[in-house]
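Chemist: Work out the full structure: start from the sequences and follow the hints.
Chains as they are written, first to last, in this note's numbering: chain A, 44 to 363; chain B, 209 to 477; chain C, 169 to 550.
These are computed hints drawn from the structure, not numbers from a lab.
Since the structure is predicted, the reported quantities are computational estimates derived from the model, not experimental observations.
The beta-carbon is built from N, C-alpha and C at its ideal position, and this holds for glycine as well.
A few of these clues could be false.
[To be verified] Here are the in silico distance ranges between beta carbons for each label pair:
1. A:Leu146 to B:Leu458: 41 to 51 Å
2. C:Glu303 to B:Pro394: 18 to 28 Å
3. A:Arg271 to B:Trp269: 26 to 36 Å
4. B:Gly425 to A:Leu146: 37 to 47 Å
5. B:Ile334 to A:Gly121: 14 to 24 Å
6. A:Ala355 to C:Gly201: 22 to 32 Å
7. B:Glu240 to A:Thr87: 48 to 58 Å
8. C:Asp202 to B:Thr216: 51 to 61 Å
9. C:Ser270 to B:Gly423: 48 to 58 Å
10. B:Pro394 to A:Leu127: 52 to 62 Å
[Said to hold, decoys possible] Quick look at which bits of chain C chain B covers, simulated, 3 or more residues with Cβ under 8 Å:
11. 182 to 195
12. 264 to 272
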Amino acid sequence: MSSHDTHHAPPPRPRVWSGVERALAAVGISGKALVIAAPAIWLTVFFLVPLAVVFGISLTIKQFGRPPYTPLLTNEEGTVQLTLHLNNYLRLFTDQLYVAAYLNSAKIAFISTVITLLIGYPMAYVIGRAPDQWRNILLMLVILPFWTSFLLRVYALSGFMRGNGVINQFLALFGIEPLVMMQTDFAVYVGIVYTYLPFMILPLYTNLVKLDGTLLEASADLGARPVRTFLSITLPLSMPGILAGSMLVFIPAIGEFVIPALLGGPGTLMIGRVLWDEFFANTNWPRAAAVAIAMLVVVVIPVMLLQRAQDAMRDKEQAS
Amino acid sequence: MRRSWFLTIAATLGFAFLYAPIISLVVFSFNESSLVTVWSGFSTKWYGALLADPQILGAAWLSLQVAFVAATIAVVLGTLCAVALVRFRRFRGRTMLAATVAAPLVMPDVITGLSLLLLFVAMEGIFGWPAGRGLMTIIIAHATFCMAYVVVVVQSRLTDLDLSLEEAAMDLGATPVRVFFDITLPIIAPALISGWLLAFTLSLDDLVIASFVSGPGSSTLPMVIFSKVRLGVSPDVNALATIIIGFVTLGVVAATLLQRRSRPKHPLP
Amino acid sequence: MVKNPQLAIDTRPWRDPTATPFVRLRNVTKKFGDIFAVSDVSLDIYKSELFCLLGGSGSGKSTLLRMLAGFEQPTAGTIEIDGQDMTHVPPYNRPVNMMFQSYALFPHMNVEQNIAYGLKRDGLPRAEIAERVAELLTLVKLQGYGARTPHQLSGGQRQRVALARALAKRPKLLLLDEPLGALDKKLREETQFELVKIQETLGVTFIVVTHDQEEAMSLATRIGVMDQGEIAMIGEPTDIYEFPNSKFVAGFIGSVNMVEGVVTEDEPGHVRIRSEELGCDIYVGHGVDCAPDQRLSWAIRPEKLALSRERPAGRFDANVTQGTVEEISYLGDVSVYQVLLASGKRLRVTQTNTMRGNPDAITWDEAVYLTWGDSAGSVLTV
Chain A
44 MSSHDTHHAP
54 PPRPRVWSGV
64 ERALAAVGIS
74 GKALVIAAPA
84 IWLTVFFLVP
94 LAVVFGISLT
104 IKQFGRPPYT
114 PLLTNEEGTV
124 QLTLHLNNYL
134 RLFTDQLYVA
144 AYLNSAKIAF
154 ISTVITLLIG
164 YPMAYVIGRA
174 PDQWRNILLM
184 LVILPFWTSF
194 LLRVYALSGF
204 MRGNGVINQF
214 LALFGIEPLV
224 MMQTDFAVYV
234 GIVYTYLPFM
244 ILPLYTNLVK
254 LDGTLLEASA
264 DLGARPVRTF
274 LSITLPLSMP
284 GILAGSMLVF
294 IPAIGEFVIP
304 ALLGGPGTLM
314 IGRVLWDEFF
324 ANTNWPRAAA
334 VAIAMLVVVV
344 IPVMLLQRAQ
354 DAMRDKEQAS
Chain B
209 MRRSWFLTIA
219 ATLGFAFLYA
229 PIISLVVFSF
239 NESSLVTVWS
249 GFSTKWYGAL
259 LADPQILGAA
269 WLSLQVAFVA
279 ATIAVVLGTL
289 CAVALVRFRR
299 FRGRTMLAAT
309 VAAPLVMPDV
319 ITGLSLLLLF
329 VAMEGIFGWP
339 AGRGLMTIII
349 AHATFCMAYV
359 VVVVQSRLTD
369 LDLSLEEAAM
379 DLGATPVRVF
389 FDITLPIIAP
399 ALISGWLLAF
409 TLSLDDLVIA
419 SFVSGPGSST
429 LPMVIFSKVR
439 LGVSPDVNAL
449 ATIIIGFVTL
459 GVVAATLLQR
469 RSRPKHPLP
Chain C
169 MVKNPQLAID
179 TRPWRDPTAT
189 PFVRLRNVTK
199 KFGDIFAVSD
209 VSLDIYKSEL
219 FCLLGGSGSG
229 KSTLLRMLAG
239 FEQPTAGTIE
249 IDGQDMTHVP
259 PYNRPVNMMF
269 QSYALFPHMN
279 VEQNIAYGLK
289 RDGLPRAEIA
299 ERVAELLTLV
309 KLQGYGARTP
319 HQLSGGQRQR
329 VALARALAKR
339 PKLLLLDEPL
349 GALDKKLREE
359 TQFELVKIQE
369 TLGVTFIVVT
379 HDQEEAMSLA
389 TRIGVMDQGE
399 IAMIGEPTDI
409 YEFPNSKFVA
419 GFIGSVNMVE
429 GVVTEDEPGH
439 VRIRSEELGC
449 DIYVGHGVDC
459 APDQRLSWAI
469 RPEKLALSRE
479 RPAGRFDANV
489 TQGTVEEISY
499 LGDVSVYQVL
509 LASGKRLRVT
519 QTNTMRGNPD
529 AITWDEAVYL
539 TWGDSAGSVL
549 TV
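Modeler: Here it is, written out as C-alpha cells:
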C-alpha cells in the first residue's frame with residue numbers, strides 16, 4: 044500500500060459541463076430552471092395556448108375570407124372593441140343535431156365500454172392466472188395489436204364485416220342470408236370493442252395478476268363456491284382495474300372519429316364526426332371550436348374518475 | 209388451481225376476435241383478384257402495385273420523416289419533463305406541469321388537431337410563422353401529444369431508479385449535469401428507447417391530428433390510406449397493412465426476446 | 169512495511185482538551201417540514217477515529233451522515249471538516265466520500281470503472297488511475313474481478329467494491345451507511361474485522377452509521393448514541409455499556425435490569441437506595457449527584473449479578489435479594505436465568521457455563537439468592 048497519509052489535493056481542471064453550468068449561471072439561469080422551462084414552455088405554447096385560442100374562436104362567427112371567422116378584437120378609430128358571439132353555444136343546445144350527437148356518443152361509448160369489459164375481464168383473468176411461460180406469450184398477443192396501426196385494424200374489421208366479407212361468406216356455407224353489418228351502429232360497437240380491447244385488458248391484468256391466490260384458496264376453504272368467491276373476493280379487489288380499464292376505453296371512444304367514419308352509417312352521429320364535418324365540410328371553424336369546448340367538458344368527468352381509480356390502485360400497491 | 213372451461217373458452221374466443229380480422233387481411237393481400245374478399249389464387253402483384261404507387265411511397269416517406277423527428281423531440285422534452293417531475297420534488301407550478309403534460313393522453317384527437325390548427329393559423333396571422341402548413345406543423349403537433357406518452361414511460365423508470373446511485377456519483381466528484389449524462393441517462397436508456405418507439409408508432413399511426421394540421425401536398429400515410437379505404441376496400445392497402453404488421457410483429461417479438469436475454473442471470477457464487 | 173500511522177484508538181485525543189477535532193459539528197439542526205430530523209447536535213470527531221453513530225430508525229443518524237456528505241443542507245448550525253467550513257459546499261467538492269447502504273454500484277459499469285469513476289472526475293492521468301485501481305483491488309482482495317459487472321458479484325464482493333470505490337480518492341473522511349447491513353451474520357463478523365484492519369492501515373477517519381449495537385461496540389473507537397434527533401451519549405464502547413448516562417442509553421445497549429428506588433442516604437463516598445421492587449437496599453460505593461428522598465432508577469447488567477443457593481455474606485446489609493428461578497435459556501456459552509422476586513419483578517441473570525454438563529447447576533423453581541458488587545450497577549436520574 045502506498046503512503047495514504049498524503050492526501051492529494053484535487054487538481055484544478057476545467058470541467059466541460061461545469062463550464063456550461065457557470066455560463067448559464069452567469070446569465071441567471073440554473074440548470075434546474077432550464078430542465079423545467081423547456082417542456083413547460085413547449086406545453087404552454089402548443090397545448091395551453093391552443094385551447095385558449097379554441098375558446099376565443101368559439102366566441103366568433105363564421106365569415107368568408109382568411110381566416111374564416113370574425114376577429115375578436117377590432118380597432119376602430121383608436122378604440123379597441125371586443126366582440127363576443129354566443130350564437131355557437133346557443134346552437135349547440137337548440138339544434139337537435141348537436142344534442143343528439145352528444146347523447147349518442149355517450150351512449151355508444153358507454154355500451155361499448157360495458158361490452159369490452161365483459162370480453163376483456165375473462166381474458167385478463169386467464170392471462171393473470173396462466174403459468175409463467177404462457178403468460179408472457181398471451182400478454183404479447185394482447186400488446187401486439189396495440190402497436191399495430193389503429194387505422195389498419197379498423198380497415199381489417201371492415202373487410203371482415205362487409206356484404207361479401209369473411210363473416211357473410213362463412214354464413215353462406217350454412218345457407219344463411221348475408222347480414223348487413225357495415226354502416227350500422229352495430230359495426231361501430233364492434234369497431235370500438237375491437238380496437239380498444241387491449242386498453243381494457245392491460246390495466247385489468249396488472250390488477251388481477253397481483254391478486255393473492257391464497258385469498259381465493261382461503262375463500263374456497265371457508266366453503267365458498269367459485270361464483271361466490273368471484274363475487275365476494277375477486278370482483279371487489281379488481282374494482283380499480285375495472286374502473287381504469289373502462290375509462291381508458293370510454294374516454295377515447297367518446298371523441299372517436301375514425302371508427303364512425305369508416306364503419307358507421309350516415310345516421311351514426313358522434314361528436315368527433317360532427318366536429319370533423321363542421322370543420323372540413325362546412326368550414327365553420329367557430330362552430331367546430333364551440334363543439335370542441337363542449338366536448339372537453341364532457342370528457343372531464345370520466346377523466347377525473349380515471350384519476351381516482353389510478354390513485355386507488357397506487358394506494359393499494361403502497362399499502363401491500 | 210382448477211381450470212374453468214368457461215374462462216378458457218371465453219379467452220380463446222377473445223383472442224380469435226382480436227386476430228381473425230388481421231389474419232384475413234394478411235391472407236387477402238396475397239389474393240389474385242382485386243376483390244379483397246373472394247379468393248382466386250395466390251399472387252404478390254399488389255405488393256408490386258404498392259411499390260409503383262408514387263402517392264403511397266411519398267406519403268410513407270413523409271410519415272417516416274415526421275415520426276422520426278417528432279419522436280426525437282418528444283423524447284428530449286419528455287425526459288426533461290420526467291426528470292423535473294421526479295427529481296425536483298418541490299417547485300412552483302409542479303402540479304400544473306404534471307396535469308398539463310398528462311392532459312394530451314385523454315384529449316380527443318379532434319380537439320388536439322383543431323386547437324393546434326387554430327393556433328398555427330392565428331400565429332401565422334400575427335407573426336407570419338409558420339408560413340403555411342406541412343412537415344413542420346405536423347412534427348410540432350405530433351411531438352406535443354407523443355411527449356405525454358414518453359413522460360409516462362420515463363417517469364416510471366426514473367421513480368424506480370435508486371437515488372443513491374446519483375448521490376454516489378455526486379459524492380465521487382461529479383457535478384449534477386455530469387451525473388445525469390454518466391449515470392442517469394445510461395440507466396434509463398431502455399425507457400428512452402421504448403418511449404421513442406412508442407412515440408414513433410403513435411406518430412406513424414395518427415390520422416386525425418395530421419389531417420387538421422397538414423397543408424396541401426403534405427399528406428401522411430394514414431391520410432392517404434384513409435382516403436383510399438373510405439371509397440371502399442383496396443387490395444394494395446391490404447399489402448401495405450401486411451408489410452406494416454410484419455414489421456411490428458418482428459419488432460415486438462424481438463423486443464420481448466431481447467428483454468428476456470438481458471434480464472440479469474443468477475449472480476455468480 | 170511502513171510504520172502504521174498514529175491512530176486515534178491508541179492516542180485517544182478526545183481525552184485531551186487541547187486536541188483539535190478533525191470534524192466539528194456545531195448546533196446542527198435539520199428540519200423536514202415541521203419535523204426535527206436532527207436537533208441541535210454538536211459533535212467533535214478526531215483524526216483517524218472510527219466513530220459510530222448508533223440509533224434506531226428515525227433517530228436522525230442517517231440525516232446527520234447525509235449532511236456530512238453534503239446531500240442535505242443543515243437548517244441551522246455549521247459543519248467543519250479539517251478546519252474548513254463545509255456547511256454549504258456541494259457534495260462533489262467535499263474531501264469526503266461515502267459508502268452507501270445499498271452500495272450504489274453503477275450497474276452499467278464494471279468493477280474497475282466503478283472504482284475509477286471518482287479518479288476520472290479528478291482528471292488523473294490514465295496510467296495513474298489504472299495503478300490506483302489495481303492497488304485498491306488488492307486492498308479489498310478482489311484482484312482479477314475488475315472486468316466483472318456488479319450483478320456478477322456476491323453480496324460480500326459488492327460491499328468490498330463499494331468500499332474500494334469510496335476509498336479511491338483518498339478521502340479525508342469516509343462515511344459508511346450501514347456498511348454491513350446487507351450481509352448475512354457470518355459474513356458480517358468477518359467483514360467487520362477487515363473493515364477495522366483497512367481503517368487502521370490507512371488511518372482514514374471513518375464515520376459509520378449503524379443500528380446494530382454489537383457492530384458499533386466491536387468497530388468503534390467511540391460511539392454516539394442517537395435518539396429522536398439528539399445525541400443521547402458520546403463515549404468509548406466501554407463507557408456506553410458500563411456507564412450509561414440515561415435510562416435510554418442503558419436500555420438501548422445490551423440487556424439490562426432496571427429498577428426504581430428512593431435515595432435514603434446520600435454521602436460523598438456512598439449512596440443507599442431503598443428499592444421496593446428489588447426487596448432490599450442498594451448500596452452504591454461512590455458518590456452520586458442526587459438528593460435524599462429522590463426517586464431514581466438503578467440499572468444492572470445480567471452478567472453483573474451472581475446467583476447462589478446459600479445466602480451470601482452480605483455487606484452493608486444491602487445488595488442481596490431472594491427469588492425463584494422461573495425460566496432458563498441455555499445458549500451454550502452462557503445460560504440466562506429469569507428470576508422472579510417477591511415484588512413480582514423479574515430479573516435476568518447470565519451465568520457462564522464453565523463446567524461441561526454441570527449436574528449441580530441451579531435449575532427451575534429453585535429458590536435462589538442474587539447478589540452484586542457495590543459498583544456493579546448504574547444510578548440513573550434521567
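Chemist: Each hint should be assessed against the structure and marked as holding or not.
Modeler: Against the structure, the hints:
1. A:Leu146 to B:Leu458: 41 to 51 Å: holds (44 Å)
2. C:Glu303 to B:Pro394: 18 to 28 Å: holds (27 Å)
3. A:Arg271 to B:Trp269: 26 to 36 Å: violated (60 Å)
4. B:Gly425 to A:Leu146: 37 to 47 Å: Between Gly425 (chain B) and Leu146 (chain A), where Cβ atoms are some 39 Å apart, the hint holds.
5. B:Ile334 to A:Gly121: 14 to 24 Å: holds (20 Å)
6. A:Ala355 to C:Gly201: 22 to 32 Å: 26 Å Cβ-Cβ, so the 22 to 32 Å window holds.
7. B:Glu240 to A:Thr87: 48 to 58 Å: holds (55 Å)
8. C:Asp202 to B:Thr216: 51 to 61 Å: holds (57 Å)
9. C:Ser270 to B:Gly423: 48 to 58 Å: holds (54 Å)
10. B:Pro394 to A:Leu127: 52 to 62 Å: holds (54 Å)
11. 182 to 195: Coverage by chain B is violated for the segment 182 to 195 of chain C (0 residues, Cβ < 8 Å).
12. 264 to 272: Check passed, 7 qualifying residues.
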